[in-house]
Amino acid sequence: MDEDQIIENIFKLLENNGELTFNEIKNSLGWLGDNRALRKILSNLIREGKIERIPNYERRRMAFRVKRYEGTK
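Here the sequence shown stands for residues 307 to 379, where the numbers follow the numbering used here.
Everything labelled a hint here was simulated from the structure, so no lab data went into it.
Here the structure is a predicted model, which means the values were calculated and not measured.
Note that CB positions come from ideal geometry on N, CA and C, so glycine has one too.
Hints should not be assumed to be uniformly reliable.
Quick list of simulated restraints, FRET-style, between CB atoms [as the list claims (entries may be wrong)]:
(1) Tyr363 / Gln311: 24 to 34 Å
(2) Gln311 / Arg342: 16 to 26 Å
(3) Glu321 / Arg353: 17 to 27 Å
(4) Leu335 / Lys373: 18 to 28 Å
(5) Arg366 / Asp308: 26 to 36 Å
(6) Arg366 / Asn323: 15 to 25 Å
(7) Ile360 / Leu335: 31 to 41 Å
(8) Tyr375 / Leu338: 26 to 36 Å
Given these sequences and hints, build the entire structure.
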């Protein structure tokens, strides 16, 4: 998979499931390689403001979700 396909799949996962941890994203994508590449993609999406990383206190993990702007559903 190239980077654009990975990004598209990440958005599909987050839109369908709401909040996911890094390990849940990794397992859903079937990621078998070095985690640094996937972490880099996620951090770039955070910097671009497309997704956000938020604490999930019930699960004691940081989770990712698609960033929602005020006025959008």
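| query | Which of the listed hints are broken here? | reply | Failing hint: just 7.
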